[in-house]
Amino acid sequence: MAGPDAFGEGIWAKKKPGAQTGAAGMTKTVFPPSIPSRPTYGVLAPRPGPAHLMIADGDGAGAVLDLVGAGDAGMAAGSHLIYLPGPDGTDRTAELAALGLARFHRAPSFAAALPRLRKVLGDAHMGVQIYLAGSEGLIGQAQREVMEAGLPHDAVQTEHRGTTVRRVQCVHCKGITENVATDPFTCGHCGLALFVRDHYSRRIAAFQGVNIDAEDPGLVPPPVEKFR
Amino acid sequence: MSGGGARIAVRVAEVTEVNALIRRIRFVRPDGGPMPAFSGGAHTVVEMDDHGTRRRNPYSLMGDPADTTGYSIAVRRDDAGRGGSLFLHRHVVPGMDMVISHPVNLFALDLRAKKHLMIAGGIGITPFLAQIAQLAALGGRFELHYATRNPALCAYGDELAARYGGRVHLYHDDAGQMIDLPALLAGQPLGTHLYVCGPKGMIRWVRSSAESAGWPRAAVHHEEFLAPPPGKVFDVTLAASGKTITVGTHQSLLEAIEAAGVDAPYLCRGGACGQCETDVLGCDGTIRHNDHWLTEAQKASGQKIMPCVSRFEGRSLVLDR
Chain R
1 MAGPDAFGEG IWAKKKPGAQ TGAAGMTKTV FPPSIPSRPT YGVLAPRPGP AHLMIADGDG
61 AGAVLDLVGA GDAGMAAGSH LIYLPGPDGT DRTAELAALG LARFHRAPSF AAALPRLRKV
121 LGDAHMGVQI YLAGSEGLIG QAQREVMEAG LPHDAVQTEH RGTTVRRVQC VHCKGITENV
181 ATDPFTCGHC GLALFVRDHY SRRIAAFQGV NIDAEDPGLV PPPVEKFR
Chain V
1 MSGGGARIAV RVAEVTEVNA LIRRIRFVRP DGGPMPAFSG GAHTVVEMDD HGTRRRNPYS
61 LMGDPADTTG YSIAVRRDDA GRGGSLFLHR HVVPGMDMVI SHPVNLFALD LRAKKHLMIA
121 GGIGITPFLA QIAQLAALGG RFELHYATRN PALCAYGDEL AARYGGRVHL YHDDAGQMID
181 LPALLAGQPL GTHLYVCGPK GMIRWVRSSA ESAGWPRAAV HHEEFLAPPP GKVFDVTLAA
241 SGKTITVGTH QSLLEAIEAA GVDAPYLCRG GACGQCETDV LGCDGTIRHN DHWLTEAQKA
301 SGQKIMPCVS RFEGRSLVLD R
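Residue numbers (my numbering), protein chains in the order written: chain R, 1 to 228; chain V, 1 to 321.
There may be inaccurate statements among the hints.
[To be verified] Under the rule of at most 20 Å between Cα atoms (straight-line distance), these lysine to any residue pairs were calculated in the SDA-like manner:
{"id": "1", "chain 1": "V", "residue 1": "LYS115", "chain 2": "R", "residue 2": "ASP123"}
{"id": "2", "chain 1": "V", "residue 1": "LYS114", "chain 2": "R", "residue 2": "VAL156"}
{"id": "3", "chain 1": "V", "residue 1": "LYS114", "chain 2": "R", "residue 2": "ARG202"}
{"id": "4", "chain 1": "V", "residue 1": "LYS115", "chain 2": "R", "residue 2": "ALA124"}
{"id": "5", "chain 1": "V", "residue 1": "LYS200", "chain 2": "V", "residue 2": "GLY187"}
{"id": "6", "chain 1": "R", "residue 1": "LYS119", "chain 2": "V", "residue 2": "LYS114"}
{"id": "7", "chain 1": "V", "residue 1": "LYS114", "chain 2": "R", "residue 2": "GLU148"}
{"id": "8", "chain 1": "V", "residue 1": "LYS114", "chain 2": "R", "residue 2": "HIS153"}
{"id": "9", "chain 1": "V", "residue 1": "LYS115", "chain 2": "R", "residue 2": "GLY150"}
{"id": "10", "chain 1": "V", "residue 1": "LYS115", "chain 2": "R", "residue 2": "ALA112"}
{"id": "11", "chain 1": "V", "residue 1": "LYS114", "chain 2": "V", "residue 2": "GLY140"}
{"id": "12", "chain 1": "V", "residue 1": "LYS114", "chain 2": "R", "residue 2": "ASP123"}
{"id": "13", "chain 1": "V", "residue 1": "LYS114", "chain 2": "R", "residue 2": "ARG144"}
{"id": "14", "chain 1": "V", "residue 1": "LYS114", "chain 2": "R", "residue 2": "PRO152"}
[Said to hold, decoys possible] Selected chain R positions facing chain V (Cβ under 8 Å, derived; list incomplete):
{"id": "15", "residue": "ALA149"}
{"id": "16", "residue": "LEU151"}
{"id": "17", "residue": "PRO152"}
Please keep in mind that the hints were generated in silico from the structure rather than gathered at the bench. Glycine included, each C-beta is placed from N, C-alpha and C at the ideal position.
So that you can see chain V by itself, here it is in the shape it has in the complex (with noise of 0.2 Å):
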């Protein structure tokens, strides 16, 4: 399948334990030669066979964007979650041979921009770590504050506090530490372009306030990537391919398309690029739709969907795939 564009064969060089949540995964050509070049910010798709399951799971290029050698990429361990996560801190080993896609960049720095303010929760840190790599090299301004749970979760703090100083400012949960972000907004230069990737209620606190003090929106940039949501099992009919395929609880729809071997566009599978949005042709129910990519009046017209994230409940839905 060609859906998410092309795809480079590569070899897992090294397996580090950050800390107890989160493995660090380095990949490297089988014959030694140079990964394509990326910005900071990209992702890239990790194809996983978790025996007889095919997942796809988007995650962040955390190395500096000046090294080709090879792509790293932190994981934390979910284990609630589908997975995807799972596997990879289960049973990735150096030596193994993998699949993975060309790198995404759907969170680019605006280089426009007089300074860098970057706001990081959690594992939300690994794009800025590329990002501030690369605005290091050309001498931008940036001003990190990362919120970690404690000093222990804390990845990379350490590091990027000896590496960068006052520019990096770090705040435990546990010790009662906040980002102060009324005062943190208020006191940037014009020109300042506002960076946020962790959790969604991070995300929803930075760009609402941002909106509340006047920040423009084309100046606030947040990336979030989706895990598909489980839900009911429902079928649904491929006019263009004339297949009927049935979506399991914890199958998001994309997923049951490509494992009846029909090919479909994406590229974030997690609601957020667009890639994968796909003409209702008919539709007895309700659509769940769970992207961030639609409109609300295109939500409500209820003539597209984006199969990566979203569901269907209802008698039967028809798609133009």
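For reference, chain R alone in the conformation it holds in the complex (with noise of 0.2 Å):
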């Protein structure tokens, strides 16, 4: 069988993502090297600029802080913060409410987020920085409507925090599965086990899914719970 050691990155790897727990409490993830597909984060840093746009989720809360912590005392009054619970239900409206941004909006989800975020992008001028932290899906989908407004897609900073659970593209139906845990899954649209590849689409803003017993059907190894 052609197992998908042939996409070369070790998925038979059963380690899980090593996990540390940082000074302040939050959860950083140090993902392993990878293909150059696999996107990369960085820690978020103030950057001068007219304006400042921040989009997080869940643990992604705990950069935002930093970010503003590390900023100057006219940071907050430039700075304009879309928030929403993250994929694990992790929800620090509280702590950011009390930043005292110029703007802080709490969506319930990034969909309901869109047309927001969608303005803010139209009305925005060259200059403003973006920052992007909290999961892989809300980094990647944010990225993407950025990149949709034309700058380039290495013109934002990200930082990764919190869950490490995946977006997945089916190859085949196509359909996305949100919050992938398990590797193989089962697309959660046309029902085939699907192997989680660390290959990457900044234009779809998702990893991509491929059919694991395509030559063997019915041979599907066990899924292991690999990103949570």
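Could you use the hints to bring the two separately framed chains together as a complex?
Structure follows, in structure tokens:
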């Protein structure tokens, strides 16, 4: 059988991504090195600009708190934060509301935040600094909107915090399954057993899921919880 | 030699004096066939046999990219230069056969942009003429800010203003007109890309202003061809060819390598593209790095040199060429 090792991503490593707890109690994840397609993230740092737009979910709140803490006294007055609960339900709205940013909007989901985000980007001017923090799904989808607005993909700062669940597109039916925790997993749309690749699409803002038993139907390895 | 890639044999079809400093030269194929397609911002390297001295200078293609019947370049006469522009001003006449390189684009439009903001100084207008023609055909959104010394030297300013109206803004130094760059940069919609071509000081001014105004680096594009600076005479050993050559005061290292019959890669010949990057095998002295290509760390390492614009001072230099 042509196993998924052919992708060279070491997928049979049963190790979960190493998790460490920071001084302030936030969970940061060190992702193992992978193929160039796999997104990497940095640490948010204040940059000079006339305005600051922050989009975060769940534990991304910690990165926003650190960012504003590192910024100068005027940063809050020029900041607009859109925040949503994380895929695991983490909701740190109260801490963020206490930051005193010029604008703070809590949305129940990314879909609910999208009209506001598009309006904000449509009205923004060059020079605005954009910061994305939290789950990979949130970062990827917000980055896609920023790219649609005409900015280069690397013109935003990103910081991953909290859950490592993935947003995965089935390459066969094209359906996207949110919050994938195991590998392989069952496509929420067509029902195929999918191997979760590190191959990522910025345009779709999703990792790619490939049928794992195409050549030997029924020969599906037991799902392993690789993301959580 | 084939270091710069494929060449095109051309004939000079037209020579036009645009103003006191600039002349336009149009090249066509002798057989009337089409020229290779190009995109706005591309340049060609024009080869000259200047009374025994081989010159190769890059010039932006200024024509409409949709027009493949010929290439047009605009040459600003530089009386203090090394002689390429003077040759093109004094010796090139219609009907003359010349050789140019295939087009190369190091200053392309990013067509993902929502708007293109162009800043030109003097002869730096030439790549924008082609880019604007390309964008106008695509219905792209652009705005040009073009600064020159005075109206007489504002090549193509009137034509651009007549054709594109409010999208073209002209500034004349002699009238004390200056681009209000901070206000201009502050008012651009998200997704704007910035392009600058002109004198070194202008490029530095625009890039640093954009950086401090929070513009992302990847949205700021510039083109600056460096002329190889003169310097002291020095010797170089070309290890792969087994030759030792002497580089003259007004000759570039690349030109000296070519004059010795050694085939060396190049494209822009102005320190920008990276094509001529060469490994240094031995260096007892100081490399004078003049390019925009190598990183500061690479320059400090002394293991790479860009022969098109960089020089050497010291006892001995050995290159892997």
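Tell me if the straight-line CA distance from LYS114 (chain V) to VAL156 (chain R) falls inside 20 Å.
It holds: about 17 Å lies between the C-alpha atoms, which stays within 20 Å.
Has the given pair, LYS114 (chain V) with ARG202 (chain R), been kept, meaning a C-alpha gap of at most 20 Å?
This hinted pair holds, its Cα atoms lying about 19 Å apart.
Measure nothing beyond the straight line between the CA atoms of LYS115 (chain V) and ASP123 (chain R); if it is 20 Å or shorter, mark the hint as holding.
Holds, at about 14 Å.
Mind checking the alpha carbons of LYS115 (chain V) and GLY150 (chain R) for me, to see if they're no more than 20 Å apart?
Roughly 9 Å separates the two Cα atoms, so the pair holds.
Hint consistency between LYS119 (chain R) and LYS114 (chain V) [alpha-carbon to alpha-carbon, up to 20 Å]:
holds (15 Å)
Does ALA124 (chain R) lie within 20 Å of LYS115 (chain V) when you go C-alpha to C-alpha?
holds (13 Å)
Starting from LYS200 (chain V), check that the Cα of GLY187 (chain V) is at most 20 Å away, please.
Not satisfied, since the Cα-Cα distance of roughly 25 Å exceeds 20 Å.
Hinted contact PRO152 (chain R) with chain V - closest CB pair below 8 Å:
Nearest chain V Cβ about 4 Å off; hint holds.
Tell me if LEU151 (chain R) is really an interface residue toward chain V, meaning its C-beta lies closer than 8 Å to one of theirs.
This interface hint holds because 6 Å falls under the 8 Å limit.
Under the criterion that the straight-line Cα-Cα distance not exceed 20 Å, is the pair LYS114 (chain V), HIS153 (chain R) satisfied?
Since the Cα atoms of LYS114 (chain V) and HIS153 (chain R) sit roughly 14 Å apart, the hinted pair holds (cutoff 20 Å).
For the pair we were handed, LYS114 (chain V) and PRO152 (chain R), check the Cα-Cα distance against 20 Å.
holds (11 Å)
For the pair supplied as a hint, LYS115 (chain V) and ALA112 (chain R), confirm whether the alpha-carbon distance does not exceed 20 Å.
violated (29 Å)
Against the hints set out earlier in the document, violations occur for numbers 5 and 10.
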